[in-house]
Amino acid sequence: MINKKDISKLESLLYLYAFSKHGSKRAVAEKLGASVDTVNKYISDLQAETKTYFLKSNGRGTFITPEGKRVLKVAENIVRSLHELDNFGEEASSCKGIVRLGMMDALADYLGSTAKHEICSFLESYPDLHLETIIGNTMPDMSTLEADICIHYEPLENSDVEVVAAKKIRCGLFAAQDYIDKYGMPKDLDDLVKNHRLVMKNVHSLHVPRLNAIINKSRHIVYKTNSVFSLRDALQGGFGIGMSPLWYADSIPNLIRVCPDSFDFDLKLYLMAYKDTKDIPRIKVVLDFLKQIVGRDEPAKNTQVRQG
Numbered sequence: 058m059i060n061k062k063d064i065s066k067l068e069s070l071l072y073l074y075a076f077s078k079h080g081s082k083r084a085v086a087e088k089l090g091a092s093v094d095t096v097n098k099y100i101s102d103l104q105a106e107t108k109t110y111f112l113k114s115n116g117r118g119t120f121i122t123p124e125g126k127r128v129l130k131v132a133e134n135i136v137r138s139l140h141e142l143d144n145f146g147e148e149a150s151s152c153k154g155i156v157r158l159g160m161m162d163a164l165a166d167y168l169g170s171t172a173k174h175e176i177c178s179f180l181e182s183y184p185d186l187h188l189e190t191i192i193g194n195t196m197p198d199m200s201t202l203e204a205d206i207c208i209h210y211e212p213l214e215n216s217d218v219e220v221v222a223a224k225k226i227r228c229g230l231f232a233a234q235d236y237i238d239k240y241g242m243p244k245d246l247d248d249l250v251k252n253h254r255l256v257m258k259n260v261h262s263l264h265v266p267r268l269n270a271i272i273n274k275s276r277h278i279v280y281k282t283n284s285v286f287s288l289r290d291a292l293q294g295g296f297g298i299g300m301s302p303l304w305y306a307d308s309i310p311n312l313i314r315v316c317p318d319s320f321d322f323d324l325k326l327y328l329m330a331y332k333d334t335k336d337i338p339r340i341k342v343v344l345d346f347l348k349q350i351v352g353r354d355e356p357a358k359n360t361q362v363r364q365g
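The sequence shown begins at 58 in my numbering and counts up by one.
Hints in this document: simulated from the structure, not taken from any laboratory.
Careful: at least some of the hints might be erroneous.
With a straight-line cut-off of 25 Å between C-alpha atoms, the simulated SDA-like cross-links for lysine to any residue are [unchecked claim]:
| hint | residue 1 | residue 2 |
| --- | --- | --- |
| 1 | K108 | K126 |
| 2 | K335 | N194 |
| 3 | K88 | N194 |
| 4 | K78 | N215 |
| 5 | K274 | S319 |
| 6 | K62 | D94 |
| 7 | K251 | I237 |
Work the whole structure out from these sequences, hints included.
Dropping the structure here:
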C-alpha cells in the first residue's frame, strides 16, 4: 500500500532528477515554479530518509555525489515511466499525438532546407500528428524519452537506442570571394595552417578527424562558434576559411571552394530511435519518413566546383 511518505519520496526523486538536468537549485525552482526552499526541503528529506548525501557543495558550485548518481538511476526509471504514459490509449494505436525529435541546429537546417516541401506534405497527410523539435548542442536524454527520435553526428552511447539509418554528408573548405581577393588561395596544407585565417563550428572538429588535424596545426583560428548560422555569417562575411557541406555552399555564389583536390571531408549523420517505442504507429510513421530523407542522395543546386 502506498502512503504519503512514498509520494514524498517520489517527489524528492523528481526534484533530484531536475537538479541533474538544470545544474542548480535556483534553476530547478524557476523551471518548476517552486521556491529554492522547497527544492532544498525535498532533497534534504530524501537524504535524511536514506542517511546518504546526494549533493556536495564547494567553491565552484553544487555537485551530485556518486551515491546521488546511483539514486538518479531510480529517478530516471520513474521519469521514463511517466513519459511512457504518452503512449497509451488512442495515440498509441494511431498516428495521433506528439513525436519529439532531437537534433543540432545544423541538422535541423539540413532537414528544413533539403526537405521542406516533403515535410509540409507529410504533415498535411497526418493532421493529428505534431512534430516537436528539440534543438541544441547536446542531445535530449533518450533514456528517459525526452525525445522519441534523434539525429546526431555519432551513435549515442545508450544500449536502448538503435541506429535506424546513416549517411555521409560531403563537405569541403570554403571562403568568401572578398577573403580570396584579400588573402589569396591557399597553395597547400602548409600554407593554409601557417598563413590563413580559419573559422570553425566547435562540433565539427569533434566529429571530423581530418578537419580536427588541420585545426590543431593552424596558427590563426580567428572565430569559433557553436551555431551553424553564425559560422555561415562568418564565412560569407570574409572572416576566414571554414568547412561547409557542399549542398549548402554550392548554393551561395559568394562562397568559393578552397583547394577541392586537397580538402574534402565527410560529416556522418545518424538517425536513431528508442528501441522500445520505435514501432508505435505515430513514431514509426515519422521514423519511416525520415529514413527516406536520410537515405536519398544529398541535393546540390550547383554541382560545378568553383575556384578562386
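Could you work out which of the previously given hints the structure breaks and list their numbers from low to high? No hint contradicted; all consistent.
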